[in-house]
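From just these sequences and the hints, can you work out the full model?
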Amino acid sequence: MIIIFTDRNNELIRKPVESLQVIERDSETPAPLNEMGAQTLTAVDSIAIPLRIESGTTQYFFQRTLNGTQNRDAINFSYTVGEEYINRACGFKAIYTNLSAEQEAETPPEQWIRVVNVRNPSVTSNQDIHVEIRH
Amino acid sequence: MWRYVTSLLCLFVVAGSALGQTADTAVANDTITYEKTYGLRLGIDLASIARTALDNEYTGFQIMGDYRLTEDWYIAGELGTESIDRETNQIDFETSGSFLKAGADYNFYGNWLDLDNMIYAGFRAGASNYSQTLDRFDYYQDNDFFQPASQFPGLKTTGLTSIWAEVQAGLKVEVLNNIYMTLNVQLKVMVSEDQPEGFDSLYVPGFGRTYDTNAIGVGYSYGISYRIPFYKK
Chain A
1 MIIIFTDRNN ELIRKPVESL QVIERDSETP APLNEMGAQT LTAVDSIAIP LRIESGTTQY
61 FFQRTLNGTQ NRDAINFSYT VGEEYINRAC GFKAIYTNLS AEQEAETPPE QWIRVVNVRN
121 PSVTSNQDIH VEIRH
Chain B
1001 MWRYVTSLLC LFVVAGSALG QTADTAVAND TITYEKTYGL RLGIDLASIA RTALDNEYTG
1061 FQIMGDYRLT EDWYIAGELG TESIDRETNQ IDFETSGSFL KAGADYNFYG NWLDLDNMIY
1121 AGFRAGASNY SQTLDRFDYY QDNDFFQPAS QFPGLKTTGL TSIWAEVQAG LKVEVLNNIY
1181 MTLNVQLKVM VSEDQPEGFD SLYVPGFGRT YDTNAIGVGY SYGISYRIPF YKK
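Taken in order, these protein sequences are the chains called A and B.
The opening residue of the first sequence carries number 1 in our numbering; numbering runs sequentially from there.
The opening residue of the second sequence carries number 1001 in our numbering; numbering runs sequentially from there.
Be careful, since some hints might not be right.
Mimicking SDA-like on lysine to any residue, the simulated pairs with C-alpha atoms at most 20 Å apart in a straight line are [said to hold, decoys possible]:
{"hint": "1", "chain 1": "B", "residue 1": "K1156", "chain 2": "A", "residue 2": "E84"}
{"hint": "2", "chain 1": "B", "residue 1": "K1232", "chain 2": "B", "residue 2": "T1037"}
{"hint": "3", "chain 1": "A", "residue 1": "K93", "chain 2": "B", "residue 2": "T1133"}
Some, not all, of what chain B presents toward chain A, calculated at C-beta under 8 Å [as the list claims (entries may be wrong)]:
{"hint": "4", "residue": "Q1090"}
{"hint": "5", "residue": "D1138"}
{"hint": "6", "residue": "D1200"}
{"hint": "7", "residue": "L1202"}
What follows is a set of in silico ranges between Cβ atoms, one per label pair, in the way DEER data are often shown [what the hints assert, rightly or not]:
{"hint": "8", "chain 1": "A", "residue 1": "P121", "chain 2": "B", "residue 2": "E1057", "range": "40 to 48 Å"}
{"hint": "9", "chain 1": "A", "residue 1": "A43", "chain 2": "B", "residue 2": "D1212", "range": "35 to 43 Å"}
{"hint": "10", "chain 1": "B", "residue 1": "E1057", "chain 2": "A", "residue 2": "A105", "range": "35 to 43 Å"}
{"hint": "11", "chain 1": "B", "residue 1": "D1212", "chain 2": "A", "residue 2": "D128", "range": "19 to 27 Å"}
{"hint": "12", "chain 1": "B", "residue 1": "D1142", "chain 2": "A", "residue 2": "N67", "range": "26 to 34 Å"}
{"hint": "13", "chain 1": "B", "residue 1": "S1192", "chain 2": "A", "residue 2": "D7", "range": "53 to 61 Å"}
{"hint": "14", "chain 1": "A", "residue 1": "R25", "chain 2": "B", "residue 2": "D1142", "range": "17 to 25 Å"}
{"hint": "15", "chain 1": "B", "residue 1": "P1148", "chain 2": "A", "residue 2": "T40", "range": "20 to 28 Å"}
{"hint": "16", "chain 1": "B", "residue 1": "I1049", "chain 2": "A", "residue 2": "A89", "range": "24 to 32 Å"}
{"hint": "17", "chain 1": "B", "residue 1": "E1057", "chain 2": "A", "residue 2": "S122", "range": "32 to 40 Å"}
{"hint": "18", "chain 1": "A", "residue 1": "I129", "chain 2": "B", "residue 2": "T1052", "range": "50 to 58 Å"}
In short, the hints are calculated from the structure, not lab data.
For glycine and all other residues, C-beta sits at the position ideal for the given N, C-alpha and C.
Put into structure tokens, the structure is as follows:
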């Protein structure tokens, strides 16, 4: 799933996050954010994170570090899992449809993420933008 | 000098008369023609039986036959069943079905005397009816952050049909009276191939394994046949 970060006031402008980790809620482990498997990225405006195949939901904490201060926002992704045949050697890959993303409310509200917006609800390749996070 | 020349002449005369005599008798022999036996040749493929014994993923049986039309042309065909139960890294599948191949063989070999062997090239149209089951698959993933368990859909697709064209090259050698050993190699091109929904026909009985990028198949056969002689001509 490809996520891009854009400006809170103007979604046409990419806005990098100073330092970002994305932590899976159940295992409390940081997810790989790019093809190299980096778990922390700085000045990043797009990431690719995996989704759970066996259940229709994946919960992530998006943890921003700005001037030494950490801020965690929780986003829940839900979807329908299917599979698609690739070829003899690779077999099948998972595809995700009906993607929705919901940010959890916090009390007191100290959220760095303003809006989570699903741009493309069908996650079938790594060539599209699926979710946009405005901050 | 002249002595030698005359003796040489003598030699020619003697040799010439001797040759004349053999030529006279040979004319009678020339009328002998070696008759060819015409009949139906039926056999079994030992290669698939051997592979059934050696390869525990494979079961196959094939009979083959040809019928002589002229001195060099035969109509020929094969009939068989094959099933394969294969496990790979990403996919386990089973394919099972039967096939029929029909065509003709042409003998290029000029036999001496009464020999009746073949070095031949043949063509076939092949058709197979089969089923394929997807037993297991693992999801292909860019990374292993989430490790989903193997899936066991056990999804069976029946009534699949594929058609191909085939050329063969091989030998048929008479080792005992009317007993033949056959060896051939086969090159095939898929003409029409049914695919299970959302999947591929990974193996087609009679055709062999398929490839993602082309429609080519290869095969071989090694068998023993008996010719039921009908008549000589």
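Structure-inconsistent hints, enumerated in ascending order: Result: hint 10 breaks, nothing else.
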